[in-house]
Amino acid sequence: MQNVKLVLVGDGCVGKTELVSYFSSIPCGYKATVSDNYTGTLLMDDKTFCLDIRDTGGLEDYDRIRCLSYPQTDVLMLCYSIGCRNSFENIEFRWIPEIKHYCPNTPILLVACKTDLRSTSSHEDLITTNEGQALANKLRLSFCETSGLKKAGVKECFEAAVKCMVDNQMAAKKGGYERKMKKAGRKCSIV
1 MQNVKLVLVG
11 DGCVGKTELV
21 SYFSSIPCGY
31 KATVSDNYTG
41 TLLMDDKTFC
51 LDIRDTGGLE
61 DYDRIRCLSY
71 PQTDVLMLCY
81 SIGCRNSFEN
91 IEFRWIPEIK
101 HYCPNTPILL
111 VACKTDLRST
121 SSHEDLITTN
131 EGQALANKLR
141 LSFCETSGLK
151 KAGVKECFEA
161 AVKCMVDNQM
171 AAKKGGYERK
181 MKKAGRKCSI
191 V
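Using the working numbering, the letters of the sequence shown correspond one by one to residues 1 to 191.
None of these hints come from the bench; they were simulated from the model.
For each residue, glycine too, the CB sits at the ideal point set by N, CA and C.
It is possible that some hints are incorrect.
Here are the simulated BS3-like cross-link-like pairs (lysine-lysine), alpha carbons at most 25 Å apart as the crow flies [as the list claims (entries may be wrong)]:
1) Lys150 x Lys173
2) Lys47 x Lys5
3) Lys100 x Lys5
4) Lys150 x Lys163
5) Lys5 x Lys174
6) Lys100 x Lys151
7) Lys100 x Lys174
8) Lys155 x Lys174
9) Lys155 x Lys47
10) Lys5 x Lys155
11) Lys5 x Lys173
12) Lys47 x Lys174
13) Lys174 x Lys163
14) Lys138 x Lys47
15) Lys163 x Lys47
16) Lys100 x Lys150
17) Lys173 x Lys47
18) Lys163 x Lys5
19) Lys163 x Lys173
20) Lys47 x Lys100
21) Lys47 x Lys151
Across the chosen pairs, the derived CB separations fall in these ranges [claimed, not checked]:
22) Lys174 x Asp45: 12 to 20 Å
23) Ser122 x Met1: 45 to 53 Å
24) Lys174 x Pro104: 18 to 26 Å
25) Thr120 x Ala171: 33 to 41 Å
26) Asn137 x Gly40: 27 to 35 Å
27) Met170 x Glu60: 30 to 38 Å
28) Gly40 x Asp167: 31 to 39 Å
29) Asn86 x Arg118: 16 to 24 Å
30) Arg85 x Met44: 29 to 37 Å
31) Thr41 x Met170: 33 to 41 Å
32) Met44 x Pro97: 15 to 23 Å
33) Ala171 x Arg118: 30 to 38 Å
34) Arg85 x Thr39: 32 to 40 Å
The task is simple: from the sequences and hints, build the whole structure.
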């Protein structure tokens with residue numbers, strides 16, 4: 001079993017706690033989160049991952065507390081609500097700088113939350129899948145969409161986050177091996 005520290009960040013009221021409710025029995029309804037911890041188990045590719053999930057508060061009042069969740073983070077889920085353009089714009093201008101400051105080498109999964117609004121809202125300014133994917137491409141992040149309310153795409157989102165972590169670890173190992181070989185003046189070749 002591999003332990004994974006997964007931290008959810010993003011503006012307040014974007015749906016982070018709804019995502020975590022997949023692994024716990026959190027009652028519906030918004031309550032400002034300061035910082036809550038949850039655990040969950042995920043089975044992927046015949047491997048078991050024990051998730052230590054940190055649901056952080058997105059309000060600016062919690063900036064000093066939130067930074068305490070960052071050390072030893074394996075993967076971040078950076079969340080926005082498709083119904084709140086401000087939360088989407090804050091990804092690039094508020095959250096990425098904070099994450100890069102505290103977790104410069106940690107993989108990030110961009111998560112569009114509350115996709116159920118597309119079928120239930122007459123709101124015309126919803127963030128589209130294409131807009132989310134374009135931002136992810138620009139920032140060089142992986143991307144997924146979820147509805148915590150309907151539990152749509154939630155398991156796949158956590159699987160994608162774990163995959164980001166595993167891929168990052170593999171790349172780091174490979175990079176370390178390549179640096180050693182280069183330093184020794186050797187090249188790896190397949191015969």
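Here is how each hint holds up against the structure:
| no. | hint | result |
| --- | --- | --- |
| 1 | Lys150 x Lys173 | violated (38 Å) |
| 2 | Lys47 x Lys5 | holds (16 Å) |
| 3 | Lys100 x Lys5 | holds (17 Å) |
| 4 | Lys150 x Lys163 | holds (23 Å) |
| 5 | Lys5 x Lys174 | holds (22 Å) |
| 6 | Lys100 x Lys151 | violated (30 Å) |
| 7 | Lys100 x Lys174 | holds (22 Å) |
| 8 | Lys155 x Lys174 | violated (28 Å) |
| 9 | Lys155 x Lys47 | holds (15 Å) |
| 10 | Lys5 x Lys155 | holds (16 Å) |
| 11 | Lys5 x Lys173 | holds (19 Å) |
| 12 | Lys47 x Lys174 | holds (21 Å) |
| 13 | Lys174 x Lys163 | holds (16 Å) |
| 14 | Lys138 x Lys47 | violated (32 Å) |
| 15 | Lys163 x Lys47 | holds (12 Å) |
| 16 | Lys100 x Lys150 | violated (32 Å) |
| 17 | Lys173 x Lys47 | holds (19 Å) |
| 18 | Lys163 x Lys5 | holds (13 Å) |
| 19 | Lys163 x Lys173 | holds (15 Å) |
| 20 | Lys47 x Lys100 | violated (29 Å) |
| 21 | Lys47 x Lys151 | holds (23 Å) |
| 22 | Lys174 x Asp45: 12 to 20 Å | holds (18 Å) |
| 23 | Ser122 x Met1: 45 to 53 Å | holds (46 Å) |
| 24 | Lys174 x Pro104: 18 to 26 Å | holds (19 Å) |
| 25 | Thr120 x Ala171: 33 to 41 Å | holds (40 Å) |
| 26 | Asn137 x Gly40: 27 to 35 Å | holds (29 Å) |
| 27 | Met170 x Glu60: 30 to 38 Å | holds (36 Å) |
| 28 | Gly40 x Asp167: 31 to 39 Å | violated (20 Å) |
| 29 | Asn86 x Arg118: 16 to 24 Å | holds (18 Å) |
| 30 | Arg85 x Met44: 29 to 37 Å | holds (33 Å) |
| 31 | Thr41 x Met170: 33 to 41 Å | violated (22 Å) |
| 32 | Met44 x Pro97: 15 to 23 Å | violated (31 Å) |
| 33 | Ala171 x Arg118: 30 to 38 Å | holds (34 Å) |
| 34 | Arg85 x Thr39: 32 to 40 Å | holds (33 Å) |
Going down the numbered hints, you'll see the structure goes against 1, 6, 8, 14, 16, 20, 28, 31, 32, while the others check out.
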